[in-house]
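The lines below spell out each chain.
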Amino acid sequence: MANFFNLIQNENMKIYRKSATKIMFIILFALILTAGLIIKFGTHEKAISDNWKQELIAQNKQDQKVMAKMSGNAKNYYQERIAKNDYRIEHDLKPTTGKNIWNFTDDATNNLMTVIILFTIIVVSTSISSEFSWGTIKLLLIRPVSRTSVLLSKYISALIYAVVMILFMFVVSWLIGGILFGFGGLSAANLQYVDGHVFETNWVVYELKQYGLLSITLVMMVTLAAMIASIFRNSALAIGISIFLTMGGSIIVEILSRFDWVKYILFVNMDLHQYINGTPFQKGMTMGFSLSVLAVYFIIFVILGWLFFTKRDVAA
Amino acid sequence: MNQPAVKLEHVTKQIGRKTIIKDLTFDIYSGEVFGFLGPNGAGKTTTIRMIVGLMKISQGNIFIHGKSIKTEFKQAIKHIGAIVENPEMYKYLSGYNNLVHYARMINGVSKERIDEVVKLVGLSDRIHDKVKRYSLGMRQRLGLAQALLHSPDVLILDEPTNGLDPAGIREMRQHIRKLAQEEGIAVIVSSHLLSEMELMCDRIGIIQKGKLIGVQTVNEFIHSDTNQQVQFYVDKPKKSSQVIIDSLSLSNVIQGDTYIELSIIKEQIPLVCEALIKADIKLYNIKTLEKTLEEKFLEVTGGVSVG
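Protein chains in written order, with full-length UniProt numbering: chain D, 1 to 316; chain C, 1 to 307.
Treat the hints as calculated values from the structure; they're not laboratory data.
Keep in mind that the hints are not guaranteed to be accurate.
[Stated by the list, open to error] Residues from chain C shown here face chain D by an in silico Cβ test under 10 Å; the list is partial:
1. K78
2. Y90
3. R104
4. M105
5. G143
Where a beta carbon is used, it is the ideal one built from N, C-alpha and C, also for glycine.
Starting from the given sequences, assemble the full structure and let the hints guide the process.
Right, dumping it as structure tokens:
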């Protein structure tokens with residue numbers, strides 16, 4: 001039988017030849033460029049002076065005073081800043097501002113990942129439901145290929161699209177950051193603070209890790225969108241619901257936060273940063289707990305989406 | 001006879017409590033064009049969808065060259081090429097890329113085969129244009145091309161001449177007859193243009209309200225009546241009708257300006273001629289009015305064309 005790679009190739013052809021997809025790349029590029037220009041010309045961050053060591057010492061003293069009045073988790077922010085400042089003074093590492101190639105790339109990653117998630121939701125939803133609304137599904141499913149492989153090829157090609165988008169974002173923001181703020185900033189140290197210790201990490205490895213963590217949200221939302229699209233067979237509905245949930249997830253959590261069972265809600269568990277360098281949403285929640293909750297959701301999404309796609313009559 | 005290309009066995013489709021298709025049983029053989037006839041809403045498209053596996057069969061089974069579409073889907077469907085309702089294609093892709101898309105989904109379709117099929121349906125000049133710029137007729141041709149890509153043994157065409165101009169219809173008809181006769185493909189055609197069916201099909205199955213009313217060859221279907229309407233073109237119609245009424249004691253004589261029309265059996269035609277000539281009437285022409293499939297169809301289905 002026709003091999004699975006051919007199906008992926010077909011789905012890729014359908015994704016990248018669509019003008020909407022090209023526009024998505026243009027939008028992402030425009031967003032990065034605009035952000036770069038605003039940071040370059042629109043902000044007035046004080047340049048780092050030569051006696052930055054004295055300034056850091058002064059800042060540390062100030063922070064310690066503020067911290068003394070605080071209790072609990074609020075202290076964390078200041079503790080981290082003081083530790084990082086100490087590390088810089090000790091190892092003679094001049095601080096950087098937002099106008100640095102790596103800081104810019106990192107900012108782009110954190111802020112534009114949502115855009116990529118939205119775009120991928122649109123891609124996976126249209127990929128599934130437009131076959132029904134155009135009627136092309138009738139010619140697609142009368143081939144010697146199982147419905148399961150058709151659906152899987154659509155899902156995987158949407159994830160490939162997300163990876164392509166992420167790489168595109170990384171390269172473009174790195175280049176724009178370099179062009180606007182100078183490639184000289186490449187040597188800037190990346191200080192990370194974990195469990196009271198400061199250490200330096202490689203930027204590329206660090207960014208990949210960021211993408212990895214953010215991709216959990218991406219995969220969950222894309223799977224959800226794929227499920228909705230295969231249940232309702234309607235792009236507008238699938239895109240609408242998924243985007244509403246992506247954007248409104250935190251509001252839903254907020255409203256339900258007084259209940260204990262809120263910790264079983266999908267959106268609470270998608271952000272794994274909370275276990276790495278932050279505080280968990282609820283006491284007693286662990287990485288393992290969140291991963292299990294996510295796994296359960298994932299399996300439910302996959303089974304429901306698969307059942308509706310493979311078992312229901314095509315009547316459109 | 002050898003194994004049927006398509007075999008429907010007590011096929012029933014229920015949606016909710018409603019039974020859409022009731023106990024359809026018929027066979028279609030290689031090398032024949034089978035017309036599937038019925039008023040709108042009779043269940044033609046539902047049946048076609050069950051044959052190609054888009055809809056599940058509630059009871060019964062469908063076999064394509066002996067393979068059940070229910071349990072051996074891949075083995076069964078690879079014999080089929082089909083257009084279900086309108087040939088909907090990816091409009092933002094070129095016609096060629098649409099074909100590449102379908103070619104990738106089945107083994108053994110080479111680039112040469114794609115070109116061959118494109119040539120066969122007469123789309124060579126426009127195949128690299130985007131489908132959104134195609135006319136309905138061109139889409140119909142592209143639809144036929146995708147159905148023929150993998151050289152199927154069974155071809156299912158829903159309304160194949162829809163949107164074609166008269167020359168295109170003729171061409172499509174010739175294609176279909178040629179595919180059946182020369183390549184031994186079993187072709188299932190459904191059409192609302194009944195006169196088309198008459199020219200294209202070997203056998204016709206009539207379906208109404210989900211039930212199969214009958215399967216007949218086209219000739220049987222049209223000539224099953226013993227009485228035929230026969231027009232005799234004469235110089236004196238008035239006198240002629242009098243002569244016929246007197247000599248042959250026929251009652252229902254229709255009198256036209258230049259002819260008389262009688263409802264008689266074949267053997268009566270020479271008798272009528274003899275009577276007319278004896279009465280010194282000039283006989284110019286004799287014309288047998290064959291009932292068209294359309295009239296027959298309306299007769300069989302009780303004149304209800306929209307069910």
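So, going through the hints one by one against the coordinates:
no., hint, in the structure
1, K78, "holds (4 Å)"
2, Y90, "holds (6 Å)"
3, R104, "holds (4 Å)"
4, M105, "holds (4 Å)"
5, G143, "holds (8 Å)"
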